[in-house]
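Enquirer: Residue-level listing of the chains:
Number of protein chains: 2
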Amino acid sequence: MSSVSSDKIYLDNLAVGLEFHSGEQPVEADQIIAFASQFDPQPFHLDAEAAKGTFFQGLVASGWHTMAITMKLIVESVPFADGIIGAGGEISWPRPTRPGDTLYVRSSVLEITPSRSKPDRAIVTVECLTFGQDDEVRQKFTTKLVAFRKKD
Amino acid sequence: MSSVSSDKIYLDNLAVGLEFHSGEQPVEADQIIAFASQFDPQPFHLDAEAAKGTFFQGLVASGWHTMAITMKLIVESVPFADGIIGAGGEISWPRPTRPGDTLYVRSSVLEITPSRSKPDRAIVTVECLTFGQDDEVRQKFTTKLVAFRKKD
Numbered sequence: 001m002s003s004v005s006s007d008k009i010y011l012d013n014l015a016v017g018l019e020f021h022s023g024e025q026p027v028e029a030d031q032i033i034a035f036a037s038q039f040d041p042q043p044f045h046l047d048a049e050a051a052k053g054t055f056f057q058g059l060v061a062s063g064w065h066t067m068a069i070t071m072k073l074i075v076e077s078v079p080f081a082d083g084i085i086g087a088g089g090e091i092s093w094p095r096p097t098r099p100g101d102t103l104y105v106r107s108s109v110l111e112i113t114p115s116r117s118k119p120d121r122a123i124v125t126v127e128c129l130t131f132g133q134d135d136e137v138r139q140k141f142t143t144k145l146v147a148f149r150k151k152d
Numbered sequence: 001m002s003s004v005s006s007d008k009i010y011l012d013n014l015a016v017g018l019e020f021h022s023g024e025q026p027v028e029a030d031q032i033i034a035f036a037s038q039f040d041p042q043p044f045h046l047d048a049e050a051a052k053g054t055f056f057q058g059l060v061a062s063g064w065h066t067m068a069i070t071m072k073l074i075v076e077s078v079p080f081a082d083g084i085i086g087a088g089g090e091i092s093w094p095r096p097t098r099p100g101d102t103l104y105v106r107s108s109v110l111e112i113t114p115s116r117s118k119p120d121r122a123i124v125t126v127e128c129l130t131f132g133q134d135d136e137v138r139q140k141f142t143t144k145l146v147a148f149r150k151k152d
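From first to last, the protein sequence lines are chains A and B.
What the first sequence shows, in UniProt numbering, is residues 1 to 152, in sequence order.
What the second sequence shows, in UniProt numbering, is residues 1 to 152, in sequence order.
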């Protein structure tokens, strides 16, 4: 398996097995609370004390905060020439992100399906695993991206 | 099909077919750009002029911004007593959210699967459709939530 991290790449350069490694992003309690206040205002994302009596037994990041940080790390590390254009995907959180965690993402090309109707593009299935500093998976995300051939 | 919008509900009160309707949330260009600057810094999410030459032919919200707004609307409209605790889900964006759109969410209970090992809870599959002011779907999200029975 190859690893790529800098040059812009086109569909022409993509291959199953190609991997991309992101940088690291620390996640602190104040960021968790700020994101949740705006988008996921629930006790276990807003207040460490209130979170103790919940399912999570402590403050945890919204799963969508973990996903949003993951997206930033993907944009920085998966250099598709025309951008990261996702049609959708499947997501799961084996364990939550907690204050003090440092996240990084490994993205792997699983499948490339050329478009039948539009020969300039393909759907590329990419698995993006988000790890913490303990190398335990915080999020599994498998997405279908649109990738384009280099224009002449 | 019933519609519920206020009281806190437990697993005991849930039934397949139950629907929840959210309020409305307008989405403006400055919010789209602010979210994308932090989490999805790509030309089609950051700059209306630069976005014209891209796949989207204009400024569009990050799909994760649509999801984050959807989550806020779900938290406000799906009153699970112990909170919205998601194990994961499937997401797709039939069309992007654009500046000036007003979003609302309809959530429907599709399936209830009692836990075999823990009789106090079940996995509840909920489909959350995010619509724009034109009633066209911006996002389809199907999630598996944990719901608990009322404690004695």
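Treat the hints loosely; a few may be bogus.
[To be verified] Distance condition first, Cα-Cα at most 30 Å in a straight line; then the derived DSS-like pairs of lysine-lysine:
| # | chain 1 | residue 1 | chain 2 | residue 2 |
| --- | --- | --- | --- | --- |
| 1 | B | K144 | B | K118 |
| 2 | B | K52 | B | K8 |
| 3 | B | K150 | A | K118 |
| 4 | A | K8 | A | K140 |
| 5 | A | K8 | A | K150 |
| 6 | B | K8 | B | K150 |
| 7 | A | K144 | B | K144 |
| 8 | A | K144 | B | K52 |
| 9 | A | K118 | A | K150 |
| 10 | B | K118 | A | K150 |
| 11 | A | K140 | B | K118 |
| 12 | B | K144 | A | K150 |
| 13 | B | K8 | B | K140 |
| 14 | B | K140 | A | K140 |
| 15 | A | K150 | A | K52 |
| 16 | B | K150 | B | K118 |
| 17 | A | K150 | B | K150 |
| 18 | B | K8 | B | K151 |
| 19 | B | K52 | B | K150 |
| 20 | A | K8 | A | K118 |
| 21 | A | K52 | B | K118 |
| 22 | B | K118 | B | K8 |
| 23 | B | K8 | A | K118 |
| 24 | B | K144 | A | K140 |
| 25 | B | K151 | A | K151 |
| 26 | A | K8 | A | K144 |
| 27 | A | K144 | B | K140 |
| 28 | B | K52 | A | K52 |
| 29 | A | K8 | B | K8 |
| 30 | B | K144 | B | K52 |
| 31 | A | K151 | A | K8 |
| 32 | A | K144 | A | K118 |
| 33 | A | K150 | B | K8 |
| 34 | A | K8 | A | K52 |
[As the list claims (entries may be wrong)] Looking from chain A toward chain B, a few residues come up when the C-beta cut is under 8 Å (computed):
| # | residue |
| --- | --- |
| 35 | G23 |
| 36 | I69 |
| 37 | G83 |
| 38 | I85 |
| 39 | A122 |
| 40 | I123 |
Think of the hints as simulated: they come from the structure by calculation, not from any bench.
Here a beta-carbon is modelled for each residue, glycine too, at the ideal position from N, C-alpha and C.
Enquirer: Now tell me, hint by hint, if it's right for this structure.
Expert: Okay, the hints, checked on the actual structure:
1. B:K144 - B:K118: holds (16 Å)
2. B:K52 - B:K8: The hint is violated at about 45 Å.
3. B:K150 - A:K118: violated (53 Å)
4. A:K8 - A:K140: holds (25 Å)
5. A:K8 - A:K150: holds (11 Å)
6. B:K8 - B:K150: holds (11 Å)
7. A:K144 - B:K144: The given pair, whose Cα atoms are some 21 Å apart, holds under the 30 Å limit.
8. A:K144 - B:K52: holds (23 Å)
9. A:K118 - A:K150: Distance of about 14 Å is within 30 Å: holds.
10. B:K118 - A:K150: violated (53 Å)
11. A:K140 - B:K118: holds (25 Å)
12. B:K144 - A:K150: Roughly 40 Å separates the two Cα atoms, so the pair is violated.
13. B:K8 - B:K140: Holds: K8 of chain B and K140 of chain B sit about 25 Å apart, inside 30 Å.
14. B:K140 - A:K140: holds (19 Å)
15. A:K150 - A:K52: The given pair, whose Cα atoms are some 52 Å apart, is violated under the 30 Å limit.
16. B:K150 - B:K118: This hinted pair holds, its Cα atoms lying about 14 Å apart.
17. A:K150 - B:K150: Status violated; Cα separation ~58 Å.
18. B:K8 - B:K151: Given pair K8 of chain B, K151 of chain B holds - Cα atoms ~13 Å apart, limit 30 Å.
19. B:K52 - B:K150: Given that 30 Å is the threshold and the Cα spacing comes to 52 Å, the pair is violated.
20. A:K8 - A:K118: holds (22 Å)
21. A:K52 - B:K118: holds (21 Å)
22. B:K118 - B:K8: holds (22 Å)
23. B:K8 - A:K118: Distance of about 49 Å is beyond 30 Å: violated.
24. B:K144 - A:K140: Answer holds: K144 of chain B to K140 of chain A is near 15 Å, not above 30 Å.
25. B:K151 - A:K151: violated (62 Å)
26. A:K8 - A:K144: Holds, at about 19 Å.
27. A:K144 - B:K140: Holds, at about 15 Å.
28. B:K52 - A:K52: violated (48 Å)
29. A:K8 - B:K8: violated (50 Å)
30. B:K144 - B:K52: violated (37 Å)
31. A:K151 - A:K8: holds (13 Å)
32. A:K144 - A:K118: Status holds; Cα separation ~16 Å.
33. A:K150 - B:K8: violated (54 Å)
34. A:K8 - A:K52: Violated - the C-alpha atoms of K52 of chain A and K8 of chain A are around 45 Å apart, more than 30 Å.
35. G23: violated (14 Å)
36. I69: With Cβ-Cβ at 7 Å, under 8 Å, it holds.
37. G83: OK, holds: G83 of chain A within 8 Å of chain B, min 5 Å.
38. I85: holds (6 Å)
39. A122: Interface hint status for A122 of chain A: violated (14 Å vs cutoff 8 Å).
40. I123: violated (12 Å)
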